[in-house]
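Use the sequences and the hints to build the structure in full.
One-letter residues, chain by chain:
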Amino acid sequence: MSKLGWKRVRMCACAVTVAGALGSGAAQAVPSYARQTGLACEACHTAFPELTPYGRRFKLNGYTIDNLPQVSGISPNKQETLLLNQLAPLSFMFQTSYTRTKSAMPDSTLPGELAKNGQVLFPQQASLFYAGRIAPNLGAFVQMTYDGTSGTFGWDNTDIRYARSINENLLLGLSLNNNPTVQDPWNSTPAWQTPFDQRSSVAPSPGAVTMLDGGLVDAGVAGLSMYGYLYNSVYAEFGGYHSAPAAAQLDSTSTNVVNNLAPYWRIAYEHQWGRHSWEIGAYGVVAKIHPGGGIALSGPTNKYEDWALDSQYQYIGDDHIVSVSTTYIDEKQTLDSTYGAGASTNASDRLKTFRIGTSYLYQRKYGAALGYFRTTGSSDALLYPSGAPVVGFANGSPNSNGWTGELDWLPYQNLKLALQYTGYSKFNGASSNYDGNGRNASDNDTSYLLFWFNY
Amino acid sequence: MKWFFALAAAAVLATGASGVPAQPSEQSATELATGVCSACHGPKGQSISSVFPNLAGQQANYIVLQLDAFRSHERGDPNARAYMWGMASQLSDAAIKGLADYYAAQKPAPGEVGDKTVMVEGAKIYDEGIAAQGVPACASCHGKDAQGNGAFPRLGGQHADYLVAQLQGFQTGTRVNAPIMTAVVRTMSPEQIRAAAAYAASK
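Those protein sequences? They're chains Z and L, same order as listed. Under my numbering, think of the first position of the first sequence as 8, with each following residue one higher. Under my numbering, think of the first position of the second sequence as 1438, with each following residue one higher.
Derived from the structure by calculation, the hints contain no laboratory data. Glycine is no exception: its CB is placed at the ideal position from the N, C-alpha and C atoms. Please note that a few of the clues may not be correct.
According to the in silico footprint, chain L covers these stretches of chain Z (three or more CB under 8 Å from chain L) [what the hints assert, rightly or not]: (1) 47 to 56; (2) 65 to 72; (3) 168 to 180; (4) 274 to 288.
List of simulated lysine to aspartate or glutamate pairs, DMTMM-like, C-alpha gap at most 20 Å [as the list claims (entries may be wrong)]: (5) L:Lys1581 - L:Glu1565; (6) Z:Lys433 - Z:Asp450; (7) L:Lys1561 - L:Glu1468; (8) L:Lys1481 - Z:Glu175; (9) Z:Lys123 - Z:Asp326; (10) Z:Lys85 - L:Glu1468; (11) Z:Lys109 - Z:Asp450; (12) Z:Lys372 - Z:Asp326; (13) Z:Lys295 - Z:Glu312; (14) Z:Lys372 - L:Glu1565; (15) L:Lys1544 - Z:Asp450; (16) L:Lys1553 - L:Glu1628.
As structure tokens, this is what we get:
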């Protein structure tokens, strides 16, 4: 998920602009892993970025499995001092896209005028990765991304891991990362949730999101977590996230600053049988946040308590692959700071998101996917304000729902062409005139064509 | 939460302090099997998915021959290419021997008996062959109990689907590193392949 650009509406209630339509998208498939391991992409992915059971194991192992000639060094007492791949584990990703909404967007400055509908982004996103082993037991997934919407080059998903097999049944590891769930091995959690890990970065999307679903990553965080994987089936992780925005110092000019550490937890159970696997799990975060933005970073905070359930099923046959992934996130918001400053109607709010998606892949070349999404929550006229075209909430409700369908063609394992359609039944609280400026939810229905390759 | 970072740092130091092997080629077979091979072939060589063969109790000679064939790209069926060409590429002869001995010493997976009709048909092919089609008895090389012998692999306790995929590979020519098997399966029907595989796997 690109972290560039938009700060979510809920977190900074004042920053509601048409130009701020959110960017979303993920990339986890990197050919440098294939070069390092000598394994074809299909060993770790059904279709990138969704991981197979082996891909999950590779990730939990710290991206370190390696089959390349090495540059090595040893000390006089035969201790290893260096073990470097002769080839640097670098990869490149390029995405270009075409987006068309059912109705054109309003012009960003001229009242009553419309923007051109049908936007080409070339590129939508272009990324450089360092993805592979750094030293024995230590590996990384580091992504730097040029974002075609903002026109800037910035730091993106990062997951640096240390992992060790204690014996054949227990694996322990540490992950240093900048996005809660980016370290997760299943594709049912937000950072890599498939099948719709890619969406248009220029089309409008619902304004209210939970902390786990992108709120924290947009605030800029760094986290460290410890995990254990037992008997190839029981997974437990515990860690904490600290504010880490690109700033000289954290003060009143910063926005959405995490107070101390936000604890993050995750448990999951996976059962594999034959060519099937099924995972069920739960995860959560508790974040106390100073809204900042002109307010001193002291005094009351807003407390966000998120807990979530997720599940993923996969059947990986030689010709047919079927996946289903789902998550439900429930967020309790205690808005001591925002409410105290008169910027929310309620002292506490709820926000819930549910998503489910299923995909089918034939011979790893032709795919189809269908999914449903829904966000509901407390109405709060100040937190979800009316007035702004496209991104406004006319009735103060964060509720949105709709469905997404997609067709995919992967002529090669590292190349994907996707045609996606998203239809909204409700957007930012209503079906018709949801923004108070006459725009209907269905006006945001989006056709999206994406060409994506990794090398 | 400060204790958390202290604990995490201690964990890094503790696990790091256990040391790393001097050179990858000197990694013990157990370490390789546990840290790398087990991701697909399962702990102690008993895998879950039929994509990946059980290695527990496999003939050491057979494992050496296959790893060598992956390394030299002589064995090139789809999964061999996708997984094993890379995995075997940097293995030394000594590491291959070590892995072969490790897996040969593990307890084989128990065979699973399937549909009775299929078992009867499979037993006939396995024990007697199909004279009319020129198919010799499997038992003549793989042993009456499908335990294998040297270069002839153990089939007992293997995933039946894996055996079917190999027989199909010999038949279609995607797997060409066993000329004897290419000749053996030439005339077998898909049903005969499935029956023979199911019976052998059940041993």
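Verification of the supplied hints:
no., hint, in the structure
1, 47 to 56, "holds (count 3)"
2, 65 to 72, "holds (count 3)"
3, 168 to 180, "holds (count 7)"
4, 274 to 288, "holds (count 4)"
5, L:Lys1581 - L:Glu1565, "holds, 11 Å"
6, Z:Lys433 - Z:Asp450, "holds, 11 Å"
7, L:Lys1561 - L:Glu1468, "violated, 42 Å"
8, L:Lys1481 - Z:Glu175, "holds, 8 Å"
9, Z:Lys123 - Z:Asp326, "violated, 42 Å"
10, Z:Lys85 - L:Glu1468, "holds, 18 Å"
11, Z:Lys109 - Z:Asp450, "holds, 5 Å"
12, Z:Lys372 - Z:Asp326, "holds, 10 Å"
13, Z:Lys295 - Z:Glu312, "holds, 9 Å"
14, Z:Lys372 - L:Glu1565, "violated, 42 Å"
15, L:Lys1544 - Z:Asp450, "violated, 64 Å"
16, L:Lys1553 - L:Glu1628, "holds, 14 Å"
Against the hints set out earlier in the document, violations occur for numbers 7, 9, 14, 15.
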